[in-house]
Amino acid sequence: MSTVVTTNAIERDLASIAGEAWVSQGRFEINGIPAAYTVSPGSVDEVAAIMRFAHDRELVVAPAGELTKQQVGGVPERVDILLSTRRLNHVEHYDPGDLTIGVGAGIHFAEMQRKLAEHQQWIPFDAPNLNTATVGGLLATASLGPLKSGFGGMRDFCIGIQFVTAEGRIAKGGGRVVKNVAGYDLMKLMIGSYGSLAVITRANFKVFPATRQTRTFVCSFPSLTEAMAFRDSILKSPLTPICLEIISPRAPEYLCEPPTAHDPDEYVPSQPIGRLSNDWHVVLRASGSDNVLARYRRELGPAVARELEGRAEDQYWSWVSHFEYSILQRHRNAMVIHSHVAIQNTGAAIQALERVAPDYNFIPAMLGRAATGNLVMGFVPLSVDPPSAMQYANCASAFRALLPAGSSAMVRHCPKEAKGHFDVWGSSPTDLAMMRAVKRAMDPKNILNRGRFIV
Amino acid sequence: MLYEYDAGVEKSRPGAVVFPQNTDQVSRVLRLAHEKKVPVVPRGAGTGLSGGAIARKEAIVLSLSRMNRILEIDIPNQRAVVQPGVVNLELSNATAPFGFYYAPDPSSQKACTIGGNVAENSGGPHTLALGVTANHVTGLEVVLPDGRIMELGGKAQDSCGLDLTGFFVGSEGTLGIATRITVRLTRLPESVATLLGIFNTVQDAANTVVAITQSGITPAALEMLDGWLLRTIEAAVHAGYPLDSGAVLLIELEGMKETVEEQAEAVRLACMQQKAREVRRAKTEQERQLLWLGRKTAFGAIGRISSSYYTQDGVIPRTKIPETLAEIERVAQKYGLQIGNVFHAGDGNLHPLILFDGRDPQKTANSRLAGKEIMSYCLSVGGSITGEHGVGSEKMNLMPLMFTDDDLAVMMRLRNAFNPDSILNPQKVLPETHMCREITGPLPQAKVEPAPGVHL
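Going line by line, the protein sequences match chains Y and G.
Per this note's numbering, the first sequence runs over residues 12 to 466.
Per this note's numbering, the second sequence runs over residues 1383 to 1838.
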């Protein structure tokens, strides 16, 4: 009985802060653990009030945006409050002349991008799901896409950040100008912290004039070794492509519209297996005038198998961005590992995938940023003899063991049943003690995303 | 004594100076200091401009100058691993034969060290397109204030978990001491074009900056010098700047030769449309060096004509350049001071040089008041108190103008997680709690006698 009273009290208190219409019970699960309440505050002050309330009562809070990546990470011990920033979705300021924008954390990235497009500007960023993903969520998960090769990532664009601490203080780092070293770089700390340090409520970015013309060159190679050698020749050349991807032979299967939907476990490839190509692809996207693009064609020479431009090109790159989700749409039990490696370890990491996956009843399919070593490794379960929960864990361990030193491998997606058997974040980084000290400093009661992140 | 100074405005004599040769020795010094509760102030080349390396008399200065070896140049991975005492320009010189360089280029790059750059998150004229130090450091070995040695990041550009590497860069020696630094190397551009746009008024030059950055071109560097300053420079080094112009823009474009040629033409047109009197383009490397000579020796030139000056590092949104320059002019007239302007126009990072006679207490006081007014104006238009020089001890009291008590409290907690007793570089960056509210605190002091050979 007393539980019921307390429960109702929580709902009442949340409603007194955010309004009854913005509080609901249950409805959402994180890796099988239901969130007791969902609350969508309408202002930063309300976020602060909710955090003060949660902190007083030691309620576990999961900061959330549009829930596109809430299943990433460990299984939470419990989730008392899912705190949605969805209503903090305003453009706070946009100064086209200064090339800066400030937005609420809950705005869809694509909406911000549309605003920028009105002035022929953009943020060169193409992580998956930008139509629904929120800016706050993309920052918290350090998301990235193919444009990372040419332009960098969130840590290179974000010039200021506002957040609410576990104790309910509103604080900020950085500012509105593109160059600024006053105080600690709290942007770097928040980006990739997976909601474990604070609730991100607002962010400022530097923006760029939009590229006017691009063209994509798809180059084909019979082996990984040849593809990597070609990548190295590009890195040594004067060419400065904005994207440079390596794509494994089985990945193009996922770079197209999915076949007619039916039970994902009965997915049938669109082409007969026998016709699958064994070619590796290195794909460049170049931006510039006709002259510049002609130079690319000249220098790349006979390696180019086909060229893409216009809508077909945009469509192609949106599939590349969306790759891991295309795999998951077709095989809900697939495992996807994000691996960050030194440039010259790209080949070794891909070989590790190709070697390990079949041993554990997976088909390997990967692509990634060949110039920066950010790889998306897909492990597609065999439909005839699917892997057991333990096989996911063993496969991830075997893959990690084969990676060169200094690499990281984080399991982004796998069935929640498998998560009980291993740590999705991977082997402990050497600075884990310091990460934990930072976590304790920011969230002494451990109420933010308890048990889900590395700290 | 040399270790009383940096290139900024303050001085103080430390109790002792130690010169460790390796990480282990740094760790032992810090462990001992931690046990005895003796403050330690890390120091690179002492070219900092914010008093970050100034130590009080009870403190030990830990000089990284003997840890000056390039440990590895790894071209295939586009990385170099260096000790903190390696001089910035030496790294670029060492990698140039392979066709690579280290992109951040503070004007003191002939003297300043990579370790100091990491502490300050240093910029430079060429960071407009390629980013500041934080964008170029992927890994650090650091010694924490209690002597523990820790690896952050590595050769991979990203890693799993919190980005402590990114957080550490720019922490001004208050979180730990970097003893090994892994940096990105950048391919030398195929082609470089250096242009000098000559304008009758500062306003025309400022409008050109906005026109260029909005046109879709991000120059490698976009610098502005005002008329008074370029005449002063011309008297010192004969860089070929026209004596009767109101302002010049120094614009550099880098990249593929096709791109550079197209952009050079577009930039020339943008200058002409904004009423440039003339646009010159360096035809040879010698001409290019000459154009840059004036920019890089601006501070030395000032040293010839004024016994005392101090420089600020405020940042403003780019579109506010014209009105900010007008405001600086107004302040100069109000206090009867000469203020020269040389700055990174492309990213709105101003360096007003306030000249005064350091022997005259009234002029000295006026220069401080003028500085404060300029800084307040920068903040009122949405700017920052420092773009690349750091807070150090000089701008600590300005922090509450930018940050609330809560902002500073969060930063303080994070510092305490690394440096709980504030033994390492005490009284830098973050004002102590009671000072958080004291926004009218002491003003930055004036620089007297700029250190010879040290340029901004």
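Do not take every clue at face value.
What the hints assert, rightly or not - Label pairs and their calculated CB-CB ranges:
| # | chain 1 | residue 1 | chain 2 | residue 2 | range |
| --- | --- | --- | --- | --- | --- |
| 1 | Y | Glu268 | G | Glu1667 | 45 to 55 Å |
| 2 | G | Arg1451 | Y | Ser244 | 52 to 62 Å |
| 3 | G | Arg1451 | Y | Val315 | 42 to 52 Å |
| 4 | G | Gln1668 | Y | Leu443 | 49 to 59 Å |
| 5 | G | Glu1667 | Y | Gly53 | 42 to 52 Å |
| 6 | G | Asp1787 | Y | Gln36 | 32 to 42 Å |
| 7 | Y | Thr236 | G | Gly1622 | 47 to 57 Å |
| 8 | Y | Ser244 | G | Asn1404 | 35 to 45 Å |
| 9 | G | Gly1718 | Y | Ala128 | 43 to 53 Å |
Derived by calculation from the structure, the hints in this document are not laboratory data.
Everything numeric in this text was worked out from a predicted model, so none of it was measured.
Glycine is no exception: its CB is placed at the ideal position from the N, C-alpha and C atoms.
We went through each hint and held it up to the structure:
{"no.": "1", "hint": "Y:Glu268 / G:Glu1667: 45 to 55 Å", "result": "holds (54 Å)"}
{"no.": "2", "hint": "G:Arg1451 / Y:Ser244: 52 to 62 Å", "result": "violated (32 Å)"}
{"no.": "3", "hint": "G:Arg1451 / Y:Val315: 42 to 52 Å", "result": "holds (44 Å)"}
{"no.": "4", "hint": "G:Gln1668 / Y:Leu443: 49 to 59 Å", "result": "holds (53 Å)"}
{"no.": "5", "hint": "G:Glu1667 / Y:Gly53: 42 to 52 Å", "result": "violated (60 Å)"}
{"no.": "6", "hint": "G:Asp1787 / Y:Gln36: 32 to 42 Å", "result": "holds (37 Å)"}
{"no.": "7", "hint": "Y:Thr236 / G:Gly1622: 47 to 57 Å", "result": "holds (53 Å)"}
{"no.": "8", "hint": "Y:Ser244 / G:Asn1404: 35 to 45 Å", "result": "holds (39 Å)"}
{"no.": "9", "hint": "G:Gly1718 / Y:Ala128: 43 to 53 Å", "result": "holds (50 Å)"}
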